[in-house]
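2 protein chains.
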Amino acid sequence: MSVAVASSTRAPREPLNGVNTPTLFATINAVKDNPPLAKFTFRASNRWISGTCNESRVEVFSGAGGEHTHKAEFPTVADHPNVLVGEDRGPLPVEFLLYGLVACITSGIGNIAAARGVTLTSVESRIEGDLDLRGILGLSDEVRNGFQRLRVTFDIAGDAPPEKLRQLVEQSRARSAVYDVLTNGVPVDITINAR
Amino acid sequence: MSVAVASSTRAPREPLNGVNTPTLFATINAVKDNPPLAKFTFRASNRWISGTCNESRVEVFSGAGGEHTHKAEFPTVADHPNVLVGEDRGPLPVEFLLYGLVACITSGIGNIAAARGVTLTSVESRIEGDLDLRGILGLSDEVRNGFQRLRVTFDIAGDAPPEKLRQLVEQSRARSAVYDVLTNGVPVDITINAR
Chain G
0 MSVAVASSTR APREPLNGVN TPTLFATINA VKDNPPLAKF TFRASNRWIS
50 GTCNESRVEV FSGAGGEHTH KAEFPTVADH PNVLVGEDRG PLPVEFLLYG
100 LVACITSGIG NIAAARGVTL TSVESRIEGD LDLRGILGLS DEVRNGFQRL
150 RVTFDIAGDA PPEKLRQLVE QSRARSAVYD VLTNGVPVDI TINAR
Chain X
0 MSVAVASSTR APREPLNGVN TPTLFATINA VKDNPPLAKF TFRASNRWIS
50 GTCNESRVEV FSGAGGEHTH KAEFPTVADH PNVLVGEDRG PLPVEFLLYG
100 LVACITSGIG NIAAARGVTL TSVESRIEGD LDLRGILGLS DEVRNGFQRL
150 RVTFDIAGDA PPEKLRQLVE QSRARSAVYD VLTNGVPVDI TINAR
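Residue numbers (numbering that gives the first Met the number 0), protein chains in the order written: chain G, 0 to 194; chain X, 0 to 194.
Simulated from the structure, these hints should not be mistaken for lab results.
The beta-carbon is built from N, C-alpha and C at its ideal position, and this holds for glycine as well.
One should not assume that every hint holds.
Said to hold, decoys possible - Covered by chain G, according to a simulated footprint, are these stretches of chain X (three or more residues, beta-carbon under 8 Å):
1. 24-32
2. 58-69
3. 160-166
4. 180-192
Unchecked claim - Derived, one-sided and incomplete: chain X residues facing chain G with beta-carbon distance under 7 Å:
5. P35
6. N45
7. L132
Claimed, not checked - Taking lysine to any residue and the SDA-like style, the derived pairs with C-alpha atoms no more than 25 Å apart in a straight line are:
8. K38(G) with R150(X)
9. K70(X) with N81(G)
10. K163(G) with T40(G)
11. K38(X) with S61(G)
12. K31(G) with E141(X)
13. K163(X) with F24(G)
14. K38(X) with A29(G)
15. K163(G) with T190(G)
16. K31(X) with E86(G)
17. K163(X) with G116(X)
18. K31(G) with R143(X)
19. K38(X) with R150(X)
20. K38(X) with E141(G)
Produce the entire structure from the sequences given, and follow the hints as far as they go.
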């Protein structure tokens, strides 16, 4: 997620690229005047189905001083592929991290381009991550469990010079929530109820 | 993703909880004998649709000495909700991180329970993350862009004492690829092609 815009640009513009730019600027100004509005809590739940297969869905989230319900629960199955002893009924859990990063930077590009008056033609990206299973399988204490590195490539086209288009991607990365979490980490508390 | 099992348990067991346990142990033994088989690269792509809306899908992945195609591309739309100037056509990109973490630990629980001979009745989890939009909006340099903290609760039931069920969750967390990435971070390289 990223709704970053150029800090020098606060004047309303017309909606562009499908972004309601006046609403975007109104949001920024509302938060500037009342910082507690900026506090959000996002929620999801998950239910085990069988084997490595399970399903997640979004839950009510809090923010802007209220509670909000998504238009749908967006139920999404995760599984392991056959080669990792699953039945391949959905993306691998680690692939959700890949989805999250490219989606976050791309959403931000949409907003930032609108705020800067750039009409986008296309934004496409590819992402890959290296993972050595010896960590997960408990076969080596020197190998980490997670990705060792992620590589992302963005192809962006629009009605601005290449350098300005490049800056849209860079600004979105600089204010991306997912990029921050993936590169810097986040504390995680886990509670277990067993019965 | 987690396929961790108790290191003391390597004898074949019958399939359990929908996990093909003999295949799981065969995989572990194959990797132990030939570590390069453990090297995987997972891939996804994303295409901007409009505004904050875009769609990700999985791509061919490499591992176990070969290339593998998922049974489907699992196209998944991401968007911002209305309150964050999107049209709410899919989960927020940051919500994919929530999906990834609970899915990864839950997939691992399925495997580890099977390896330890525990029949699961249910595994349900809830996750939430706090995010202060002032970071993303560029309104404060002291506020990070990403989640400040994640909280997860697991409810697990099965045919084992609560302490043994609790250990399944703990072992899955200890070998979870997503947990590792989210808590420790990962280097990310970004290439931009603008035209």
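Checking each numbered hint in turn, tell me which of them this model violates, lowest number first. 5, 10, 11, 13, 14, 15 and 19
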